[in-house]
Amino acid sequence: MIDGVTGGVAGRENRDRAARAGVVISGDALITGHLTSPVSGPQLLPRWFDHDRGAAAESLRIIGELDADILLPGHGPIHHGSVAEAAVTARERVGATP
5 MIDGVTGGVA
15 GRENRDRAAR
25 AGVVISGDAL
35 ITGHLTSPVS
45 GPQLLPRWFD
55 HDRGAAAESL
65 RIIGELDADI
75 LLPGHGPIHH
85 GSVAEAAVTA
95 RERVGATP
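5 is the number of the first residue of the sequence shown in the working numbering; add one for each residue after it.
Any given hint might turn out to be false.
Stated by the list, open to error - FRET-style restraints, in silico, Cβ to Cβ:
(1) I82 to P50: 15 to 23 Å
(2) S86 to E62: 16 to 24 Å
(3) G99 to S44: 15 to 23 Å
(4) R24 to W52: 32 to 40 Å
(5) G26 to H55: 26 to 34 Å
(6) V98 to R24: 27 to 35 Å
(7) E69 to L39: 23 to 31 Å
(8) G26 to W52: 19 to 27 Å
(9) G99 to T40: 17 to 25 Å
(10) G37 to R57: 16 to 24 Å
(11) D32 to G99: 14 to 22 Å
(12) D73 to R97: 14 to 22 Å
If you are wondering where the hints come from, they were derived from the structure by calculation, not from laboratory data. All values reported here derive from a predicted model rather than from experimental measurement. The beta carbon of each residue, even a glycine, is placed where N, CA and C say it ideally should be.
Please take these sequences and the hints and turn them into a complete structure.
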């Protein structure tokens with residue numbers, strides 16, 4: 005989990021606890037579906053939600069380094085499977101290199 009809204013000690017403790025359990029809570033950094041997207045599965049939010057697409061791609065790179073097999077996204081269903089592979093899929097969908 006990348007610290008976002010809940011930063012500081014509480015954010016770090018939650019991130020560390022989730023990582024030990026093999027779970028990534030990605031929020032909006034990596035989603036699996038959205039009402040405005042025709043795509044299902046790992047992806048970024050549609051471009052008009054971004055303020056910085058480069059930072060969004062960097063978040064995917066960081067998520068791709070995590071060893072977890074459950075993704076709790078901010079939008080879409082829970083992803084069961086390699087979170088690193090989910091991040092690669094999302095990066096490929098936006099044309100970013102892994």
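Cβ distance range 14 to 22 Å for D73 and R97, holds or violated: With a Cβ separation near 20 Å, D73 and R97 satisfy 14 to 22 Å, so the hint holds.
Verdict for D32, G99 (Cβ pair) under range 14 to 22 Å: holds, 19 Å
17 to 25 Å as the expected CB spacing between T40 and G99, which holds or is violated: holds, 19 Å
Outcome for the supplied range 16 to 24 Å, where the beta carbon pair is G37 and R57: With Cβ atoms ~19 Å apart, the hint holds.
Assessment of proposed distance window 32 to 40 Å (beta carbons of R24, W52): holds, 36 Å
Cβ separation of E69 and L39, checked against the hinted range 23 to 31 Å: Once the Cβ atoms are compared, 30 Å apart, the range 23 to 31 Å for L39 and E69 holds.
Supplied distance hint 15 to 23 Å, evaluated on CB atoms of I82 and P50: holds, 21 Å
C-beta pair G99, S44: status relative to the range 15 to 23 Å that was hinted: Check passed, 19 Å falls within 15 to 23 Å.
Satisfaction of the hinted span 27 to 35 Å by the C-beta atoms belonging to V98 and R24: Check passed, 30 Å falls within 27 to 35 Å.
Range agreement (Cβ of W52 with Cβ of G26, hint 19 to 27 Å): violated, 33 Å
Range hint compliance [Cβ, S86 to E62, 16 to 24 Å]: holds, 20 Å
Pairwise beta carbon distance, G26 to H55, judged against the given window 26 to 34 Å: At 31 Å between Cβs, range holds.
In the structure shown, a violation is registered for the earlier hint numbered 8 alone.
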